[in-house]
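**Student:** Here is how the chains run, residue by residue.
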Amino acid sequence: MEMQKKSFFMVPYLAWIALFVVAPMALILYQSLFDITGHFTFSNYTSYLESTTYLKMTFNSIWYAFLITFFTLLISYPTAYLLNRLKNKRLWLLLIILPTWINLLLKTYAFIGLFSQNGSVNDFLRFVGAGSHQILFTDFSFIFVASYIEIPFMILPIFNSLDEINPSLINASRDLGASAWQTFKRVIVPLTMPGVKSGFQAVFIPSLSLFMITRLIGGNRVITLGTAIEEHFLVTQNWGMGSTIGVILIIAMFVVMFLTRERKSKGGQSR
Amino acid sequence: MKKLIAIFVGILAVCAVIAGLNHQMNAKTTSNEKKVLNIYNWGDYIDPDLITKFEKQTGYHVVYETFDSNEAMLTKIKQGGTSYDLTVPSDYTVQRMIKSGLVAKIDKSKLSNYKNIDSRFLNLSFDPNNDYSIPYFWGTLGIVYNDQFVQADQVQHWDQLWNPAFKKSIMLTDSARDMLGVALITQGHSMNTTNYSELKSAQEKLNLLMPNVKAVVADEIKMYMKQNEAKIAVTYSGEASEMMSYNKHLHYVVPDEGSNMWFDNIVIPKTAKHKAAAYDFINFMLEPKNAAQNAEYIGYSTPNKAAMKYLPADVRNDKQFYPAESTVKNLEVYKDLPLKVIGNYNDLFLEFKMSK
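So the sequences go chain by chain: A and B.
For the first sequence, the positions run 1 to 271 when this note's numbering is used.
For the second sequence, the positions run 272 to 627 when this note's numbering is used.
Hint data in this document are derived by calculation from the structure and do not stem from the laboratory.
It is possible that some hints are incorrect.
Stated by the list, open to error - Going by beta-carbon spacing under 10 Å, a handful of chain B positions derived as facing chain A:
no., residue
1, 343
2, 443
3, 446
4, 491
5, 498
6, 613
7, 621
Note that the Cβ used here is the ideal one computed from N, Cα and C, for glycine as well.
Okay, chain B solo, but in the shape it has when bound (with noise of 0.2 Å):
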């Protein structure tokens, strides 16, 4: 017994030395208070030397952490704990974070840059007024080819897809949205339909081209498609750029019916410590030239017009990357539906790629 209370006194102390350790680190953080950035964005989603530029501009120290996904980014500023003064959640997962309470409102105001942002690009569903985000790259869902197998005109459209030509050859990416998104498309109905029967249609719509599915995959879309694996990929702007990058066979379709358009958003948590901080740096990335050499290192779209004339000729013309105005107003941002309905997307989902 006595050996017992030995090692539950024991278990204390180290406890209690635990607990004075961190006090103390808390402590010496909010001395440097005014000296530190915290961002918390995606793997390699800002040019490194824009954060080196940074530091030497206004002498903060940036902290920079990652994440994979917006879920996982969510779960982690919702748990409390963080004091990131920035972070870059998608459209939809904004739109739950002002939900939540777990975002502060910007003013606007102290960002002078503010005016750079295009105005096709602000006031969105997701934030009608940008009063708690303001967008950092856009991009569409779209069709990858490649051209050693497949010609140009044959993937201009959603329905081209369900060619029997097409068979086994076709990656899907591994998202009910999406993929329910793009028969709903086909199908003339909105890619944020709450209507059951419209989503069971366009199922069975999906059921019809599994013929012609090789895998409903997710990351590893970029590693097939480099490696020729696959003739055609159901993709994000995103990650095609990225894949184009490394295979010159490869080209990217906004098929002009409509798709879907997402956008990343820098927003500060409520939990954020440095907020001067985080408005300078918002400042500093809405810049049009760092905007630009952002955009350029990571090849997404970026929703500054005054950066536009700082992209090479070839970037800012591409009309995969900034697809025409004609194409541009048949785009749908998602909207962050009902937990039910989300929950019918992905039954229905599961559904589909259970059907072979």
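Only chain A is shown next, with the shape it has when bound in the complex (with noise of 0.2 Å):
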């Protein structure tokens, strides 16, 4: 009877992998191996390989992807540690996770407004008599905008890590003598490592192939894998092609995550 309770609540579980992990995935994989004329072929594979142009817009893609998560985590990690030292932290996380609410075609949109050549920025940098700027598709716009929208995804698991601490630790490091910058580094961070993990995984993933934002902001000076996936199924019709990238991101993605893995405590060392 109990385990076939078990088996019983593990349907919606179960039929949500296989359709909407699964299934996609198995898709991508078999729509990889077949060339533009629907022929079965490793040539999509072979082809990306030997293509300079896939292997650099790939070393593109995770350099920005990186910048993106180095970004935010610069910024994240300070705020979320003031964060969980204020008074109404909850609201105020309310506050930064706020934005996550609207529409993220919408935030790029005003953006836009902000750095055209015409926009609030320059407005603001002509007044003070630093001249207008080219600030919209250039790599600095691009890291700007996609570091603000990825922010919230950062912070928040750092501050529920920081959230989980139990005061008396820090204390106890305290009492045994260890200065306040020792019990930050030798308590804190180790503690809030896991959500470190995670708020980079929520980020680096999702920013290896942003293709919105690299032609809105980016004006496609910017290209990443997500731009050439986005042109081989809408523009090319390259399916397999397209599928292949989508493969490699698939397989970019495991590594980060592997990489990134919660590890099994060995010995006292990191516990």
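Hints are included, so try docking the two chains, each in its own frame, into the full complex.
**Tutor:** Take a look at the structure:
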């Protein structure tokens, strides 16, 4: 009876996994084995690996995703740390999460308004006498907007892991003579590593395949794998090549998951 | 286990109900068969007043659905399950639809207004006899410039875009065939070339343009040009006419050495259920007064010769949208190239976009 009940409750989960995780990935893998004329082939993979364009694009994507993750982490960790010490921390957190309720495209378009030649930022620069600058369609604007969009997804897990730290651990550390810096370095940082890791996953993986922002803010001067997938599915209609890049991204995702997995504690080192 | 069975039975019951409803609705649409016309067109691509007029004149009820790219439309029609009576693909898509047998032959004897179409725009390579398609609007690929930053004589020819004075000021349309096509023209080749070495040298030429390129975008060009964000854009006349209606500093040039000429055409999909209505509508739209009204509303160039005299003189004589015959004869219509060649175009263009 107990077993039956358990398997009964497993049904929605298994159905979900089968329909929306396994089946799409299998379909992508299947699609990637056909060339543009519909013949079964591995040529998509060989041409991917032989083409300097695609390899360069892959490198670009990883590099931009890394930069975006780096800057979000740089901003998020101190923010989460400070938020956690505030009085109404839940409210402040809510204010940071609020923008994620707004549609991504709307936010992106808002940045076009801010960054364009006659936008507020250039108005301000002209006002202070710095002259107007080309901000849109640069690496800077792309990384800035992407980081802005990803920040809540980094803050949230870090905040939660900070929130879960038992204050007595910090008190103990201070009692035992550690300085504030030592406490931070030896107690707080290790204890928040799981949060940082899940933040890393939540930011790095989507950043690898950003495509709308590369076009709207980057003006396609920034080309990532996401752009290539969009192009292969919508313009070239070369679904095989698009799927191949999709498979590569899935593999990249697994690699990232593996590298940032939660390791079982070996002895007392990390705990 | 019992519960599991109960759930499955429940799901099956829901499916059965949905299937029943579906059948019911299909039955309903067939009973109204004579009164409905399903049009599948680009967004905002017809004067709504004309639809009302058509409904009043003929008693049909028009159902108007929209798409935003040829590919999206093609995918939907290919998958079946739709019963649009009319749709409006561009030239190369017409060719593709004919090849895959998605469109029905048009009996021109039923279209008394067919004779109004300018013969220059008939019997083109994508449908040599107009057996399947009726031209709806036509246009070109050209240069839009903002007269606050650029003199007219600086941008009369494609080659002038390579002028170092235009550093980081040109917006290109994100389309492999259009942009490689521009480079091909400057080198005296056809925009329909299948020759790889010609394409390669076009790409090399295009790479030299990169320092002048501000962005490679799509629909957003309209917004940016309206806001004076860029000095120059390479785009289609249709887009140009829309941005020009918002910003009077913008002008459009079709370089006379050659460019692309595109057509949007009315076709009747094979799955159409109300063919008589479709013919009535095509004929209605070919009536000179209606065609003129539509052209004035949309701002694109009409292929309807008889409609020209109903257009205001400043529209009719606008060389930007009705270029001189000497230019028109240099314009090329895209052919639907073999998939391999299209792949080459796209790969080379992607490489161009990667070059910085």
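**Student:** Take the hints in turn and mark each one as holding or not.
**Tutor:** Tested hints:
1. Interface restraint check for residue 343 (chain B): the shortest CB-CB distance to chain A comes to about 8 Å, inside 10 Å, so the restraint holds.
2. Taking 10 Å as the C-beta cut-off, the interface hint given for residue 443 (chain B) holds, the closest approach to chain A being about 9 Å.
3. Look at residue 446 (chain B): its Cβ gets to within about 8 Å of chain A, closer than 10 Å, so that hint holds up.
4. Interface hint at residue 491 (chain B): satisfied, since its Cβ lies 6 Å from the closest Cβ of chain A, which is below the 10 Å cut-off.
5. This hint holds: residue 498 (chain B) has a C-beta 6 Å from the nearest C-beta of chain A, less than the 10 Å allowed.
6. For residue 613 (chain B), the interface hint holds, the least distance from its beta-carbon to any beta-carbon of chain A being 7 Å, beneath 10 Å.
7. Using the Cβ-Cβ criterion of 10 Å, the hint placing residue 621 (chain B) at the interface with chain A is satisfied: the shortest such distance is roughly 6 Å.
In this structure, none of the earlier numbered hints is contradicted; all agree with it.
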